[in-house]
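Undergrad: Listed below, chain by chain, are the residues.
Protein chains: 4
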Amino acid sequence: MSSMWGNKIRISLFGESHGKGIGVVIDGLPPGEPIDTERIAQHMKRRSPGFQPGATARREGDEISVISGFYNGKTTGTPLCAMIGNSDTRSVDYDKLVAKPRPGHADLTGLARYAGANDPRGGGHFSGRLTAPLTFAGAVAIQILNRRGITVRAHIASIGTIEDTPYDPTQTPEDCSERSLPVLSEDRGLKMRQLIETLRDEHDSIGGVVECMATGFPAGLGRPIFDNMESRIASILFGVPAVKGVEFGRGFKVSQFKGSQNNDSPYMAEEGIRLRTNHAGGIEGGISNGMPILFRCAFKPTPSIGKPQKTVNLETMTDDTVEITGRHDSCIVPRAVPVIESAAAIALLDILLED
Amino acid sequence: MSSMWGNKIRISLFGESHGKGIGVVIDGLPPGEPIDTERIAQHMKRRSPGFQPGATARREGDEISVISGFYNGKTTGTPLCAMIGNSDTRSVDYDKLVAKPRPGHADLTGLARYAGANDPRGGGHFSGRLTAPLTFAGAVAIQILNRRGITVRAHIASIGTIEDTPYDPTQTPEDCSERSLPVLSEDRGLKMRQLIETLRDEHDSIGGVVECMATGFPAGLGRPIFDNMESRIASILFGVPAVKGVEFGRGFKVSQFKGSQNNDSPYMAEEGIRLRTNHAGGIEGGISNGMPILFRCAFKPTPSIGKPQKTVNLETMTDDTVEITGRHDSCIVPRAVPVIESAAAIALLDILLED
Amino acid sequence: MSSMWGNKIRISLFGESHGKGIGVVIDGLPPGEPIDTERIAQHMKRRSPGFQPGATARREGDEISVISGFYNGKTTGTPLCAMIGNSDTRSVDYDKLVAKPRPGHADLTGLARYAGANDPRGGGHFSGRLTAPLTFAGAVAIQILNRRGITVRAHIASIGTIEDTPYDPTQTPEDCSERSLPVLSEDRGLKMRQLIETLRDEHDSIGGVVECMATGFPAGLGRPIFDNMESRIASILFGVPAVKGVEFGRGFKVSQFKGSQNNDSPYMAEEGIRLRTNHAGGIEGGISNGMPILFRCAFKPTPSIGKPQKTVNLETMTDDTVEITGRHDSCIVPRAVPVIESAAAIALLDILLED
Amino acid sequence: MSSMWGNKIRISLFGESHGKGIGVVIDGLPPGEPIDTERIAQHMKRRSPGFQPGATARREGDEISVISGFYNGKTTGTPLCAMIGNSDTRSVDYDKLVAKPRPGHADLTGLARYAGANDPRGGGHFSGRLTAPLTFAGAVAIQILNRRGITVRAHIASIGTIEDTPYDPTQTPEDCSERSLPVLSEDRGLKMRQLIETLRDEHDSIGGVVECMATGFPAGLGRPIFDNMESRIASILFGVPAVKGVEFGRGFKVSQFKGSQNNDSPYMAEEGIRLRTNHAGGIEGGISNGMPILFRCAFKPTPSIGKPQKTVNLETMTDDTVEITGRHDSCIVPRAVPVIESAAAIALLDILLED
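Residue numbers (our numbering), protein chains in the order written: chain A, 1 to 355; chain B, 356 to 710; chain C, 711 to 1065; chain D, 1066 to 1420.
Worth flagging that the hints you see were computed from the coordinates, not collected in a lab. Please note: incorrect hints may appear among the correct ones.
[Claimed, not checked] In silico lysine-lysine, DSS-like type, Cα no more than 30 angstroms apart, as pairs:
id: 1; chain 1: C; residue 1: Lys963; chain 2: D; residue 2: Lys1073
id: 2; chain 1: C; residue 1: Lys718; chain 2: C; residue 2: Lys784
id: 3; chain 1: D; residue 1: Lys1073; chain 2: C; residue 2: Lys968
id: 4; chain 1: D; residue 1: Lys1323; chain 2: C; residue 2: Lys1017
id: 5; chain 1: B; residue 1: Lys375; chain 2: D; residue 2: Lys1318
id: 6; chain 1: D; residue 1: Lys1139; chain 2: C; residue 2: Lys963
id: 7; chain 1: B; residue 1: Lys546; chain 2: A; residue 2: Lys258
id: 8; chain 1: B; residue 1: Lys613; chain 2: B; residue 2: Lys662
id: 9; chain 1: D; residue 1: Lys1110; chain 2: A; residue 2: Lys8
id: 10; chain 1: C; residue 1: Lys968; chain 2: D; residue 2: Lys1110
id: 11; chain 1: A; residue 1: Lys253; chain 2: B; residue 2: Lys546
id: 12; chain 1: B; residue 1: Lys546; chain 2: A; residue 2: Lys191
id: 13; chain 1: B; residue 1: Lys363; chain 2: A; residue 2: Lys8
id: 14; chain 1: D; residue 1: Lys1318; chain 2: C; residue 2: Lys1017
id: 15; chain 1: C; residue 1: Lys1020; chain 2: D; residue 2: Lys1110
id: 16; chain 1: A; residue 1: Lys191; chain 2: A; residue 2: Lys258
id: 17; chain 1: A; residue 1: Lys258; chain 2: B; residue 2: Lys613
id: 18; chain 1: B; residue 1: Lys363; chain 2: B; residue 2: Lys546
id: 19; chain 1: D; residue 1: Lys1323; chain 2: C; residue 2: Lys968
id: 20; chain 1: C; residue 1: Lys784; chain 2: A; residue 2: Lys45
id: 21; chain 1: B; residue 1: Lys363; chain 2: D; residue 2: Lys1073
[Claimed, not checked] Pair ranges (Cβ atoms, derived):
id: 22; chain 1: B; residue 1: Ser535; chain 2: A; residue 2: Thr325; range: 49 to 59 angstroms
id: 23; chain 1: C; residue 1: Asn782; chain 2: B; residue 2: Ser420; range: 38 to 48 angstroms
id: 24; chain 1: C; residue 1: Thr908; chain 2: A; residue 2: Arg39; range: 36 to 46 angstroms
id: 25; chain 1: A; residue 1: Asp355; chain 2: B; residue 2: Lys662; range: 33 to 43 angstroms
id: 26; chain 1: B; residue 1: Thr632; chain 2: A; residue 2: Met268; range: 21 to 31 angstroms
[Claimed, not checked] Residues of chain A clear of chain D, computed beta-carbon distances all greater than 12 angstroms:
id: 27; residue: Asn7
id: 28; residue: Lys20
id: 29; residue: Arg39
id: 30; residue: Thr78
id: 31; residue: Pro79
id: 32; residue: Ala115
id: 33; residue: Leu184
id: 34; residue: Ile225
id: 35; residue: Glu323
These figures come from a predicted structure and were not determined experimentally. For glycine and all other residues, C-beta sits at the position ideal for the given N, C-alpha and C.
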């Protein structure tokens, strides 16, 4: 299989960028959960193009149509299917590129995998547009988690080398989702915006890091070895296009730590046992320890850039050059923030309901 | 479930550190594959304690007994079960610690998850000792991959802040498995050894990074979205205790790259289409592109350290101090190198056979 | 999860009888398979109401819209989603029944499972209407199987006590799908038709048995113990509403056989090793033996009958009587024949592609 | 995969009839469940050869060794592995048969599936001996179910054409496990015993049917469509060697019923809503309805018979004759009764814990 995820909650994504539509089936939701569609729309708007600096001008019109599994404003408990029709697709922009695989895209690997049968228009099933139904599914999961006292928030940790203030791993983070760039430090946000605009003018792009934290997640969920919390969260995060690295807690930095620095030591607090620090990102032995769940994902720069790039020509089988003329984000990280919140929410709900 | 992994190849790990034994069931192996048990023993020896500097003096006696699925020197195609009996366990070292959860261990999370029913001796099912049967399974997978032209190698990328020469991501890496520390630069290896010994003398520990590369893996395997190569490889890597971060290709560094730098551009080589660089780590759109598969894992420092540490006392429900007196690695990274090779080999074989 | 099936091919069904629509996502199809939509329509017409005697007069209008995974007349290899919009639903017929659970329906169990949140109109997600997208998925699978030399055919084995001529388990069966009742013996078909009409006039219903056979399925597929061919085929067949029994080969009759009668003995034929008989239904030790795959499913009578029936009243919590006034099949078995062919085809394709 | 089963509880079977041993890993058990090993031994004894009439004289010595997941008399919640060593295997009896596939066995299909690499001795992984660890797993599940008020009982419904009194589908059945043949009617049991002995004297064998019923299973568990209760129970039952048919409630008989006869009608009882009849076997729409769960499995006659049988010779590729001289059951049905109870218990525990 290619596009299904989950143990208790099962997500099945379908669709191609320039086909009839894209969508998701969510199987295993608890029944009777009220879902506020207005809140879903707000969450999805944060991902939609045009809302963030550096985003493509393409108007996606992410009008979600809920087909099933939703009755009288509540989940039924049977599969919830939601669809987004495609429009404004301008396939002509892409047609001439088929012979010239775009560097950094899945054009060559899609060819190898599907022997040329996959829909090449706009990236087809590989398109970042598939994150729209994923974000929808996450918006549903977030409401169910909230009702159980769990909050999931993310911000831009960095774009290029410009870093936002990191989350305090022991505290509920500030909600910065309403800002034009979701960052804690507005000053750093301004610098990020300038960097993004500079790169757009250079017909280039830039990568970044998203940091995400879930508070209120109970201790004792997950399990050791393969089906542990890190494995399950990472496996859905790497399903988000352009993610090339995932780390929990202090992540790669712990490789430079001594044990005496890194170990989170317990103490008796009024509310029960707490940990003085949270280097582990709320997970020890694959199981939640009651501290906030904290992780970061590295995003590569958008592969679609306006600059001419070297490639091969599959018709002539010679070296060639390609220029990508469509509309593209010079930085996808701002739009990726709600996508990561969504992926995390799906994973956490799956873990929560399974145990 | 907690301890099973895989789609086509299914690995089921069982056992506790100080119980009767530990082992693995490998389901889905192709039939008729000759397996050289001598090579398995060599591979497992690289993981065994005492063979590497900084390793625990505990003699694990990893005598593998193959119970099933192996006949006349070949895999049968039916489930292969292998067991390692436990001995020399000295449970007395651990008994007094039950009331005082060890910082950085799964003592508290295990308690929350299993309501006190799990075997606490030596970490029980959470023990790093469970990587022994995982390494066995990987040793089997490696031989099957080798027969198909695929090589999996790993080295210590760093211990603390001391870095080994990184792999060239476009070339088959040198085999450094025979060295006392598996590094490319013997000089850096010497410095790492000194650091490890210093920390042992300080009753402390240190983390590190393992870099792993698979060459010869064919293009066109894996798939987009959830069941992609990164997700599947990461999900097994995070199953290795102490791994807190996983990155592919240039990983977190790509967050600082421009698209024009990061995109791997194709060209016509004599042997077909190749890529000039391999920033993507051999994976584009979740699918292998024919370049080497490259990734790194961050290991936290061993939580077991000799220094006194703050903790709580579960009997008195007050703050307390714990001193861990057992034998422990001051750095597990050298022993983790064959474990990571093994986990990668299992994941790659699973992907290879599924498609 | 509730509505997903498969290892290599994954089917996800969604929708409710009287909601916006119903549909299916098929994940894992091989890429580049031409699919003849006209043949799909013909196959689905055999299931549609009004086409068979005893069928409901409701016009379902099973207009399938393929949303994704299909490009230039071929499968892309990425998830294929197909939808059928609902219309002509007359929910008013059902609304008054909510307080009075219908005997033989899932009204009470749906209430227990979903705490009253599931869509009750027309059976909701429990509706036999969900077999329409399943039949679509099977029609796709059948074309892919045909291209590999595998044929799947079914007929009505019996309705009530009237039995059709059974299939010869060693021969490719006659295609009777074009007949108004899919039976081998037109004379028996006539008697079945009379029985169905009698029961319709009595406002009652009747059960039956469907026999299905796949020829051309290669030997050596499947596996022993849990994931064997019988388990996988049975698990999808029991997913068809109203199926209460599944048997392979001679099925329940073998319980009365002696070993010397039942064992299928091999002999040397010109084309290789064949078996003299096929009591095992083409499966030995969970693995195909090259003989036709043969099985039967028992269908219970349609629970919706016009006669007054005893039930309880959930508002008054007293005994009560219910009369079902909607339009219903007095026998679903004729329409079930292509559904069973479809379910079998999906299972066989899943097994074929996995190995 | 071949030998794993389950969603929440995962069972992994391994081993070959004449290898070092056979066993099972049970993943996902709840922690802290006391397990009475004496009761397990009693349950397994009912399956062991020599204890029932018609059973092979081979002494299997099913000495179970629990390797992991069991501590201080309770489940730990981590994987429970149990092994049975093999002894008294007399492989010589089988060696000469390799060239002559035994009719009714998996010799030919095993060859096709595993290309000759599987262990042929005593049926290898196909052996009915693999039901011993399955029975162990079931014995564990039964104790956990009992603690939750659920009882699972089975009896011989028929051997050949001799039928025992059927269970009353609305009542807790009598426990007949202590009888030498587990039947309700001792008179019929006597006739069955005579039939079995006659067939043994004729060097032949006979099939039969096992009926199983679980009482106390709560309403509202399971789900519609694919992952329904019938599918899950049937999928594990067909994993028991020699099972060729599975039916729930009235099963194949409902194909001859009218709707007005078959529908189980609800009424108000003192303890809540009950059903007047239980033709559905406690399952409606794939979900439990609170009535006893009732099903039957058809067993084919033991394929190993002493009579000479026609077969082919794989060395000469000509027709030939085989005589099987080992020790074999002339009827496996008596020994199958606890196996079916076990398989049912595992399925019911999996369903119970998942929801």
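Undergrad: Taking the hints in turn, state whether each one holds.
TA: Evaluated hints:
For the proposed pair Lys963 of chain C and Lys1073 of chain D, the alpha carbon gap of about 34 angstroms is over 30 angstroms, so the pair is violated. Between the alpha carbons of Lys718 of chain C and Lys784 of chain C the distance comes to roughly 19 angstroms, so the proposed pair stays at or under 30 angstroms and holds. Between Lys1073 of chain D and Lys968 of chain C, the direct Cα distance comes to roughly 39 angstroms. Violation of the 30 angstroms bound is thereby established for this hinted pair. A threshold of 30 angstroms between alpha carbons decides the hint, and for Lys1323 of chain D with Lys1017 of chain C the separation of about 12 angstroms falls inside it, so the pair holds.
With a CA separation close to 51 angstroms, the supplied pair Lys375 of chain B and Lys1318 of chain D exceeds the 30 angstroms bound. Our distance criterion of 30 angstroms between C-alpha atoms is broken by Lys1139 of chain D and Lys963 of chain C, whose separation comes to about 43 angstroms. The suggested pairing of Lys546 of chain B with Lys258 of chain A holds, with an alpha-carbon distance near 16 angstroms, which does not exceed 30 angstroms. Among the hinted pairs, Lys613 of chain B with Lys662 of chain B is inconsistent with the structure: their alpha-carbon atoms are about 45 angstroms apart, more than 30 angstroms.
Under the criterion of a C-alpha separation no larger than 30 angstroms, the hint pairing Lys1110 of chain D with Lys8 of chain A is inconsistent with the structure, at around 37 angstroms. A distance of roughly 26 angstroms separates the Cα atoms of Lys968 of chain C and Lys1110 of chain D; the hinted pair therefore holds under the 30 angstroms criterion. Of the supplied pair hints, the one linking Lys253 of chain A and Lys546 of chain B holds, its CA atoms being roughly 19 angstroms apart against a limit of 30 angstroms. Using a Cα cut-off of 30 angstroms, the hinted pair Lys546 of chain B and Lys191 of chain A is violated, with the two alpha carbons roughly 40 angstroms apart.
For the suggested pair Lys363 of chain B and Lys8 of chain A, the alpha carbons sit about 20 angstroms apart, so the restraint of at most 30 angstroms is met. Between Lys1318 of chain D and Lys1017 of chain C, the direct Cα distance comes to roughly 22 angstroms. Compliance with the 30 angstroms bound is thereby established for this hinted pair. A distance of roughly 47 angstroms separates the Cα atoms of Lys1020 of chain C and Lys1110 of chain D; the hinted pair therefore is violated under the 30 angstroms criterion. Annotation: proposed proximity of Lys191 of chain A to Lys258 of chain A is violated, straight-line Cα distance about 34 angstroms (limit 30 angstroms).
At roughly 34 angstroms between alpha-carbon atoms, Lys258 of chain A and Lys613 of chain B are farther apart than 30 angstroms, so this suggested pair is violated. Between Lys363 of chain B and Lys546 of chain B the alpha-carbon distance is near 42 angstroms, which puts this suggested pair outside the 30 angstroms criterion. Restraint check for Lys1323 of chain D and Lys968 of chain C: the C-alpha separation of about 34 angstroms exceeds 30 angstroms, so the hint is violated. Distance hint between Lys784 of chain C and Lys45 of chain A is unfulfilled; the C-alpha atoms sit about 34 angstroms from each other, more than 30 angstroms.
For the hint pairing Lys363 of chain B with Lys1073 of chain D, the CA-to-CA distance comes to about 19 angstroms; that is within 30 angstroms, so the pair holds. Under the hint 49 to 59 angstroms, the C-beta atoms of Ser535 of chain B and Thr325 of chain A, about 56 angstroms apart, fit the expected range. Remark: the range hint 38 to 48 angstroms for Asn782 of chain C to Ser420 of chain B is contradicted by a beta-carbon distance near 56 angstroms. Take Thr908 of chain C and Arg39 of chain A: their Cβ atoms lie about 56 angstroms apart, and the range 36 to 46 angstroms is violated.
Restraint check, Asp355 of chain A to Lys662 of chain B: a C-beta distance of roughly 34 angstroms satisfies the suggested window 33 to 43 angstroms. Distance hint check: the CB atoms of Thr632 of chain B and Met268 of chain A are about 53 angstroms apart, inconsistent with the given range 21 to 31 angstroms. At the 12 angstroms boundary, the C-beta of Asn7 of chain A falls inside the reach of chain D, the nearest C-beta of that chain being 8 angstroms off. Taking the minimum C-beta to C-beta distance to chain D, about 25 angstroms, the non-interface status of Lys20 of chain A holds against the 12 angstroms cut.
Under the 12 angstroms C-beta cut-off, the non-interface status given to Arg39 of chain A relative to chain D holds; the minimum distance is some 28 angstroms. Against the 12 angstroms criterion, Thr78 of chain A falls within the reach of chain D, whose nearest CB is about 7 angstroms from its own CB. Its beta-carbon lying about 9 angstroms from the closest one in chain D, Pro79 of chain A breaks the requirement of being farther than 12 angstroms from that chain. Consistency note on Ala115 of chain A: stated as away from chain D, and its beta-carbon is indeed over 12 angstroms from all of that chain's, at 27 angstroms minimum.
Distance check on Leu184 of chain A: its Cβ is at least 40 angstroms (rounded) from any Cβ of chain D, clearing the 12 angstroms threshold; non-interface status holds. Distance check for Ile225 of chain A against chain D: the nearest CB is about 9 angstroms away, which does not clear 12 angstroms, and the non-interface claim fails. Even its closest Cβ contact with chain D, about 48 angstroms, leaves Glu323 of chain A beyond 12 angstroms, as expected for a residue assigned away from the interface.
In terms of the numbered hints stated before, the structure departs from hints 1, 3, 5, 6, 8, 9, 12, 15, 16, 17, 18, 19, 20, 23, 24, 26, 27, 30, 31 and 34, listed from lowest to highest.
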